[in-house]
Amino acid sequence: MREVAVIGVGSTVFGKFPERLLEAMGSEAVWAAINDANISPKEIQFAHCSTLFGGAVCGQRILTEVGISGIEVVNVENACAGGATAFRGVWYAIASGLYDIGLAIGAESMTTSPIAGKLIPPAAGDLAGEMGNSAPAHFALSMRRHMEKYGTTLEQFAGVSVKNHHNGCLNPYSQYKKELSIEEILNSRMICDPITLLQCCPNTDGAAAVILCPMSIARKYTNKPISVAASVLKMGDYVSRWKDLASSDLTVKCTREAYEMAGLGPEDIDVCELHDAFTYSELSHYEELGFCQYGEGGRLIDEGITEIKGRIPVNPSGGLLSRGHPLSATGVEQIAEIVWHLRGEAGKRQVAGAKVGLAHTMGGEVANLEAGSCAIHILKR
Amino acid sequence: MKRERTPLREGLFTEDVEGGALLASRCKSCGQVFFPKRGHCLDCFSQDMEPVILGRTGKLYTFTIVHMPTEHYDPPYCIGWVEFPEGVRVFGQIKGWESQPLKIGMEMKLVIDTLWQEAEKEVIGYKFEPLFQDAET
Numbered sequence: 001m002r003e004v005a006v007i008g009v010g011s012t013v014f015g016k017f018p019e020r021l022l023e024a025m026g027s028e029a030v031w032a033a034i035n036d037a038n039i040s041p042k043e044i045q046f047a048h049c050s051t052l053f054g055g056a057v058c059g060q061r062i063l064t065e066v067g068i069s070g071i072e073v074v075n076v077e078n079a080c081a082g083g084a085t086a087f088r089g090v091w092y093a094i095a096s097g098l099y100d101i102g103l104a105i106g107a108e109s110m111t112t113s114p115i116a117g118k119l120i121p122p123a124a125g126d127l128a129g130e131m132g133n134s135a136p137a138h139f140a141l142s143m144r145r146h147m148e149k150y151g152t153t154l155e156q157f158a159g160v161s162v163k164n165h166h167n168g169c170l171n172p173y174s175q176y177k178k179e180l181s182i183e184e185i186l187n188s189r190m191i192c193d194p195i196t197l198l199q200c201c202p203n204t205d206g207a208a209a210v211i212l213c214p215m216s217i218a219r220k221y222t223n224k225p226i227s228v229a230a231s232v233l234k235m236g237d238y239v240s241r242w243k244d245l246a247s248s249d250l251t252v253k254c255t256r257e258a259y260e261m262a263g264l265g266p267e268d269i270d271v272c273e274l275h276d277a278f279t280y281s282e283l284s285h286y287e288e289l290g291f292c293q294y295g296e297g298g299r300l301i302d303e304g305i306t307e308i309k310g311r312i313p314v315n316p317s318g319g320l321l322s323r324g325h326p327l328s329a330t331g332v333e334q335i336a337e338i339v340w341h342l343r344g345e346a347g348k349r350q351v352a353g354a355k356v357g358l359a360h361t362m363g364g365e366v367a368n369l370e371a372g373s374c375a376i377h378i379l380k381r
Numbered sequence: 382m383k384r385e386r387t388p389l390r391e392g393l394f395t396e397d398v399e400g401g402a403l404l405a406s407r408c409k410s411c412g413q414v415f416f417p418k419r420g421h422c423l424d425c426f427s428q429d430m431e432p433v434i435l436g437r438t439g440k441l442y443t444f445t446i447v448h449m450p451t452e453h454y455d456p457p458y459c460i461g462w463v464e465f466p467e468g469v470r471v472f473g474q475i476k477g478w479e480s481q482p483l484k485i486g487m488e489m490k491l492v493i494d495t496l497w498q499e500a501e502k503e504v505i506g507y508k509f510e511p512l513f514q515d516a517e518t
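Same order as they appear, the protein sequences are chains A and B.
All the letters of the first sequence, read from the start, carry residue numbers 1 to 381 under my numbering.
All the letters of the second sequence, read from the start, carry residue numbers 382 to 518 under my numbering.
It should be emphasised that the hints constitute simulated quantities derived from the structure, not laboratory data.
Since this is a predicted model, take the numbers as computed values, not measurements.
Keep in mind that the hints are not guaranteed to be accurate.
[What the hints assert, rightly or not] Cut-off 20 Å, straight-line C-alpha distance, at most; resulting in silico cross-link-like pairs (EDC-like, lysine to aspartate or glutamate):
#1 A/Lys243 - B/Glu452
#2 A/Lys253 - B/Asp455
#3 B/Lys476 - A/Glu130
#4 B/Lys502 - A/Glu130
#5 A/Lys234 - B/Asp424
#6 B/Lys484 - A/Glu130
#7 A/Lys243 - B/Glu464
#8 A/Lys149 - B/Glu488
#9 A/Lys118 - B/Asp424
#10 B/Lys418 - A/Asp126
#11 B/Lys418 - A/Glu130
#12 B/Lys440 - A/Glu148
#13 A/Lys178 - A/Glu307
#14 A/Lys118 - B/Asp455
#15 B/Lys440 - A/Asp244
#16 A/Lys355 - A/Asp270
#17 A/Lys149 - A/Asp270
[What the hints assert, rightly or not] Derived list of chain B stretches under chain A, where covered just means 3 residues or more per stretch with a C-beta under 8 Å from a C-beta of chain A:
#18 431 to 440
#19 455 to 461
[What the hints assert, rightly or not] Pulled from the structure, derived: some chain B residues nowhere near chain A, Cβ distances all over 12 Å:
#20 Arg386
#21 Glu396
#22 Lys409
#23 Ser427
#24 Gln428
#25 Pro450
#26 Gln474
#27 Gln481
#28 Lys490
#29 Lys508
#30 Leu512
Using N, Cα and C, we set each Cβ at its ideal position, and we do this for glycine too.
Build out the structure end to end from the sequences listed, making use of the hints.
Next comes the structure, spelled out in structure tokens:
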């Protein structure tokens, strides 16, 4: 396997843009990545494009707007982990030697999707779904376990949303640029007790794109190539084997494998973008990613350890909670964000001196599984 | 017009004089119990399975009160996981949450109840209800 580098990243501003076509958002992100890599569109040899609600052959529809045709295009769906899956696919095809220059795209228009402003409906045959389960409920059930088992407080969970909304104010790509207080978060509308509205990620439109090539030729395009040190993607295990709903066993499993692949450990991570679909998610992922012991997630918030100036800054972009969550775009956007930090180009939200970054994406609800999938990518300069 | 009582799924639960009970299956090779029933073991892949009926009470593992509408239910309603003595966690709706605060670990009993109603049918399934009285005496 060859070492692969990210040489270009691009993104649209995230937000609610029902008037914007998916093709327009996707091609804007691709153009930004092309300009960033200082590459000709003619050099792109293949692309993996992910969308969940954007319809068939989304990649071709986006590339047509750019002026790219005649190349291999793979369209990828993996729920919220779709973007991370597209990135991994491009990484793998280059690492294996099949291609030299590839493009990963994630694009989603949630405001024009059939579920705009609603919940992702349960799949036919999902017994728990038919009995009233949903994504927020699923996480509320885990959050209550976390509170019971470890004594984590509502204020600690709300602290995740305070931090991420603060970070969002510093990120020009973020959907929300508004500071929130613990009181506002806890007093917002109850969704699934104890999860309130301002502890849930919003509906978001947006697109992101990343260009990769072998490290051996990366310096032809950039003097700051970012190496892909690990890529892991797995489906979840059965609920019957789930040790405790307070934690994601799947994240633990993928993380261990990713650290091993990179030859690094949690102590080496300088910046992390993780899947904070709900405040609970971020707090429990601290533990599963090895940033602290089980049950200590709340302490990391109390001590400011995951703030931009803290020891392990998490979601400097604002995360899903503030930057927003256009499902399939999220995994690609996380990579772009990490790359900006490792290059020292993240502006006001820059994590000083970051050398190694980790991106964590979860995706999909499947009856009888802890989660659909989890992807971990470790990048380094 | 009387609506026809229709179970949410065939083979999920049974109703007898003692009340409701869940229909599970046990792997005769490794002993793992599955609910809902499985034709083969998901752990050791043996196809030698036997039917078992789960105990009618379990312990509340976690719960949430849902404050938004979902396909069949108007808010607020309560859902949760209950852990059965056979080592199986089962998801379901919780009745009786309005009358007294729920606590993780409390004893819950299985009841058969209406889940939702349609024009010509009443869909029935299992729910859980706290054994409040037992806990007090």
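Going down the list of hints, with the structure as the test:
1. For the proposed pair A/Lys243 and B/Glu452, the alpha carbon gap of about 30 Å is over 20 Å, so the pair is violated.
2. Between A/Lys253 and B/Asp455 the CA atoms are separated by roughly 38 Å; this puts the pair beyond 20 Å, and the hint is violated.
3. This hinted pair checks out: B/Lys476 and A/Glu130 have alpha carbons roughly 16 Å apart, not beyond 20 Å.
4. Annotation: proposed proximity of B/Lys502 to A/Glu130 holds, straight-line Cα distance about 16 Å (limit 20 Å).
5. About 18 Å separates the Cα atoms of A/Lys234 and B/Asp424, which keeps this hinted pair within 20 Å; it holds.
6. Straight-line distance between C-alpha atoms of B/Lys484 and A/Glu130 comes to about 24 Å, which puts the hinted pair past the 20 Å bound.
7. Distance check on the hinted pair: A/Lys243 and B/Glu464 sit about 12 Å apart at the alpha-carbon level, within 20 Å; holds.
8. With a C-alpha separation of about 18 Å, the suggested pair A/Lys149 and B/Glu488 falls inside the 20 Å cut-off, and the hint holds.
9. Annotation: proposed proximity of A/Lys118 to B/Asp424 is violated, straight-line Cα distance about 36 Å (limit 20 Å).
10. Restraint check for B/Lys418 and A/Asp126: the C-alpha separation of about 14 Å stays at or below 20 Å, so the hint holds.
11. This hinted pair checks out: B/Lys418 and A/Glu130 have alpha carbons roughly 17 Å apart, not beyond 20 Å.
12. Straight-line distance between C-alpha atoms of B/Lys440 and A/Glu148 comes to about 14 Å, which keeps the hinted pair within the 20 Å bound.
13. Taking the CA atoms of A/Lys178 and A/Glu307, the gap is near 16 Å; set against the 20 Å cutoff, the hint holds.
14. At roughly 14 Å between alpha-carbon atoms, A/Lys118 and B/Asp455 fall within 20 Å of each other, so this suggested pair holds.
15. Distance hint between B/Lys440 and A/Asp244 is fulfilled; the C-alpha atoms sit about 14 Å from each other, no more than 20 Å.
16. Between A/Lys355 and A/Asp270, the direct Cα distance comes to roughly 6 Å. Compliance with the 20 Å bound is thereby established for this hinted pair.
17. At roughly 29 Å between alpha-carbon atoms, A/Lys149 and A/Asp270 are farther apart than 20 Å, so this suggested pair is violated.
18. Only when three residues or more bring their CB closer than 8 Å to a CB of chain A does the claim for the stretch 431 to 440 of chain B stand; here the count is 0, and the claim is violated.
19. Counting residues of the stretch 455 to 461 of chain B whose beta carbon lies closer than 8 Å to any beta carbon of chain A gives 3, which reaches the threshold of three, so the coverage claim holds.
20. Residue placement check: B/Arg386 keeps its beta carbon more than 12 Å from all beta carbons of chain A (closest about 16 Å).
21. The claim that B/Glu396 is not at the interface with chain A holds, since no C-beta of that chain comes within 12 Å of its own (minimum 17 Å).
22. In this structure B/Lys409 is separated from chain A by more than 12 Å, as the shortest Cβ-Cβ distance comes to about 17 Å.
23. With a least beta-carbon separation of about 15 Å from chain A, B/Ser427 lies farther than 12 Å from that chain, consistent with its non-interface assignment.
24. The claim that B/Gln428 is not at the interface with chain A holds, since no C-beta of that chain comes within 12 Å of its own (minimum 18 Å).
25. Distance to chain A contradicts B/Pro450 as a non-interface residue, since its nearest Cβ pair spans about 9 Å, not more than 12 Å.
26. Some Cβ of chain A comes within 12 Å of the Cβ of B/Gln474; the nearest lies about 6 Å off, and the non-interface call is violated.
27. Taking the minimum C-beta to C-beta distance to chain A, about 15 Å, the non-interface status of B/Gln481 holds against the 12 Å cut.
28. The claim that B/Lys490 is not at the interface with chain A holds, since no C-beta of that chain comes within 12 Å of its own (minimum 17 Å).
29. Taking the minimum C-beta to C-beta distance to chain A, about 9 Å, the non-interface status of B/Lys508 is violated against the 12 Å cut.
30. With a closest Cβ-Cβ approach of about 19 Å to chain A, B/Leu512 is found to remain outside the 12 Å limit, as its non-interface label requires.
In this structure, the hints that do not hold are numbers 1, 2, 6, 9, 17, 18, 25, 26 and 29, in rising order.
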